[in-house]
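From first to last, the protein sequence lines are chains W and B.
Taking this note's numbering, the leading residue of the first sequence gets 1, the next gets one more, and so forth.
Taking this note's numbering, the leading residue of the second sequence gets 355, the next gets one more, and so forth.
Note that these hints are calculated values from the structure, not bench results.
Yeah, the Cβ is synthetic: ideal placement off N, Cα and C, and Gly gets one too.
Since no wrong hints were added, every one of them can be taken at face value.
Listed next, with one range per pair, are the computed distances between beta-carbon atoms:
| # | chain 1 | residue 1 | chain 2 | residue 2 | range |
| --- | --- | --- | --- | --- | --- |
| 1 | W | Glu66 | B | Gly764 | 16 to 22 Å |
| 2 | W | Phe191 | B | Glu824 | 52 to 58 Å |
| 3 | B | Ser461 | W | Leu209 | 31 to 37 Å |
| 4 | B | Gln732 | W | Glu66 | 33 to 39 Å |
| 5 | W | Ile46 | B | Asp548 | 30 to 36 Å |
| 6 | W | Pro80 | B | Asp636 | 50 to 56 Å |
| 7 | B | Thr751 | W | Ile178 | 50 to 56 Å |
| 8 | W | Phe191 | B | Gln732 | 34 to 40 Å |
| 9 | W | Pro80 | B | Lys760 | 20 to 26 Å |
| 10 | W | Leu173 | B | Ser568 | 27 to 33 Å |
| 11 | W | Gly38 | B | Val756 | 34 to 40 Å |
Residues from chain W that face chain B, not an exhaustive set, calculated with beta carbons under 8 Å:
| # | residue |
| --- | --- |
| 12 | Arg113 |
| 13 | Leu173 |
| 14 | Tyr176 |
| 15 | Ala304 |
| 16 | Thr314 |
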Amino acid sequence: MAGIAEIRPKEGRRKSPFRAALEKAAKTIVTVVVTMLGLLFITFFIGRVMPVDPVLSIVGERASKEVYEAAYKALGLDQPLIVQFFLYIRDVVQGNFGISLRTGFPVADDIRRVFPATMELATLGTIFGVLLGVPLGVLAAVKRGTWIDQIARVIALIGYSMPVFWLGLIGLLLFYGILGWVGGPGRLDIFFQDEVPQVTGMILIDSLLDGNLEVFRNALTHIILPASLLGYYSLAYISRMTRSFMLEQLNSEYIITARVKGLSERAVIWQHAFGNIKVQLITVIALSYAGLLEGSVLTEIIFAWPGIGSYITTSLLSADMNAVMGGTVVVGLVFVLLNILAELLYQFFDPRAK
Amino acid sequence: MKPIRHMLFGAAVAVVTGLTGLTAIAATPPNMLVIANRIDDITTLDPAQSFEFAGGDVSHNIYNKLVNFDPANLDAGYGPDLAESWTVSKDGRTITFKMRPGVKFASGNPVTAKDAEYSLRRAVILKKTPSFILTQFGFTPENVKDTIVATDDMTLRITTDKRYATSFVLNSMTATIGGIVDSKVVKAHAVNGDMGNEWLRTHTAGSGPYVLGSWKPNESITLVANPNYYGGAPAMKKVVVRHIQESSTQRLLLERGDIDVARNLNPEDIAGIRGKPGLAVDSELRGRIMYIAFNQKNKILANPKVQEALKYLIDYKGMQDSFLKGQYVIHQSFLPATFLGAISDNPYSLNIEKAKKLLAEAGYAKGFSVGIIVREAQERLEMAQSIQNTFAKAGITVKLTVGTGKQILGIYRARKHDIYLGAWGPDYPDPNTNASTFAWNGDNSDAAGLTGVLAWRNSWDNPKITKETEAAMIEGDRAKRAKMYEATQREFQKVAPFAIMFQKIEQTGRSDKVKHLSLGGAITAVSYWPVTK
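Excised from the complex, chain W in its bound form (with noise of 0.2 Å):
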């Protein structure tokens, strides 16, 4: 935009703030528009030409003729494919999901229940991440070739390599099975169920809301195994990164420079060198968050939390489409939104973005 200002200069009085915001957000609206179409468009015909029939799951194997055509019809499976697609993103845009073949309920509703348990678990488990996988990482590019950066690679190779099921496993029997520290699977125990009215979904934060400090901890004994593991699994990979990225600040000469004019070790590594990473680091922290908020289909299993991640793979399985595509518009947009979380927090961190 800015080349095509220049050569023609006649017209370009400057542009005031206001516009160029205004540009930007149609720019940004535009590209999210885009990008869940497309979204919409892929899962709609992968879902169509998946070899399970949709209308068999809802009425069974032994329905009569009669029944299945009913429900055939009843599903809008009779119209040309193009023209269910046009429907479907009609009843998108009205924030119409359609109804899930599986739970029978709106999929707006299932999506209102099993996201915020997603949500709840993966901020923990992000928060965890960022808070142990950073310093971690920083350590070990600090103390690089030393025992310290050998055992922090360590941490995090295991963290890549270790299948969540068995882990998830292991801890529930050591912590839960064994030592009686935390809470089992599920989101609370038995008694503290539909305790305290449901404000956001997420039982940590609807507790607070309800000053029951009970439920509170009792949803904290819950959620801390599983959380743990998938901040382990965010440590690993926050803290590789963090540690690569302060590497290539430590070996740039403004960092020689900075010593040499006799600042502190410390100034030079959180001031100068993790300052110059923020940027960097707040992408991966993104990612990762996104990541998490798919749902962990296998830590779901286990820990029976209901989540979105186990609620897609079931929906998929039994080709219960409108479920499906419902849960993946969803998760598109917490991506695209983050996205643009992370672009706004450059702007935050990096005068330059600006």
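Take the given structure of chain W and dock chain B to it, following the hints.
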């Protein structure tokens, strides 16, 4: 920017507060039953539509039927529930029920014959998947005005299109679809002529021992005791069924006392909890039958000597005692044990010499090649491999075709297989459900397309046995009817191109405090109301 120590400290605080002293050792309260089960097959709680196992479990505890099974004595067959007594007309077509007086719905409304009339008519008119259980007696949306009638508040009269065994009609009434709903409540929630179908999907309006507390799909279902239940308030004031997918997770919860009953433990986990203090393992026979079937379109397999030889070439005992241990028991007749007319004869066992002799007599002394189709599921594959091995000992080469359920079913329904290995579960708790599919074949032509009938799928046409099945279907005397099925099954064992092999056992882990939990055997669903702990 705070130094590294501060960040580490913050993280450490988060971890430590999470791990120390926050948990209390859980034990479920004495008047609450907590069960782990897979409940992700529930799509509706409407008894006119529900046709899955977990849904049937819920419905069984919420809705009374006209007649029902006593969970303490399933072998006795159906007995009075909302109907106190009944009489059958001379022509066997009309059954007149006298309602039990003084029974109330959970709402407080009295249970009348009008509610029964509404519920049964509703099930026929809505035409959902399980409606065939009622419409097989000739009820149609058009004729229910005359065939299902409450003559007064305490009397219900139903008239079938022809004579059927009374036990057949009444057994069918014990299925989920026979649940009696509170017509006043349901009518108040009907929209666009759906007879309350949408509302009853997520709400309940019954007179049974429990009412629905809450249902969170794929998460949990909570039942609360119904104070109006005519049988007296159940001991368990609350029943919570939690959806726990994983066997090992269920086991951990059970061992920690967070649940009382675990219903989906695999054989390893069952072995793991067996003998642990405070825990017990129950085994209960369920309705599922495992069998192999020989397609009569294949000339070799149509030879009776070959069929008999193949029945002797299956290592029933070897499978039962190894990989099927505790999961299946040998059972060689088409009615599951505990069904009316079930027999326990198991005439066949692995006998290679006898099989070789029979094959020689049939002219296949050197064996032959044949295909077996099977769905990709562990226990079925293991059975197929065992059969492949034992067939080979008589020179029969087996080519296994493994596919998804849908692929294999497609081949089977099109009658394009040689041998099919698979399972069958009864649709309703009457012997006719299995007799009409294994034994009966009304028209063996391809054009008939009786794809739901197993005899047809295997192109097996035995007019004598078909007639016997039809006769048993209309025999009014229950004991006589049972004898007829016994005779038919013995004949079937000899002449049918089916080798019925096993019946399913369900193993349940529970706290040894939990008493009187009946899963319903082969014929009905789980009963929570007799449970104490």
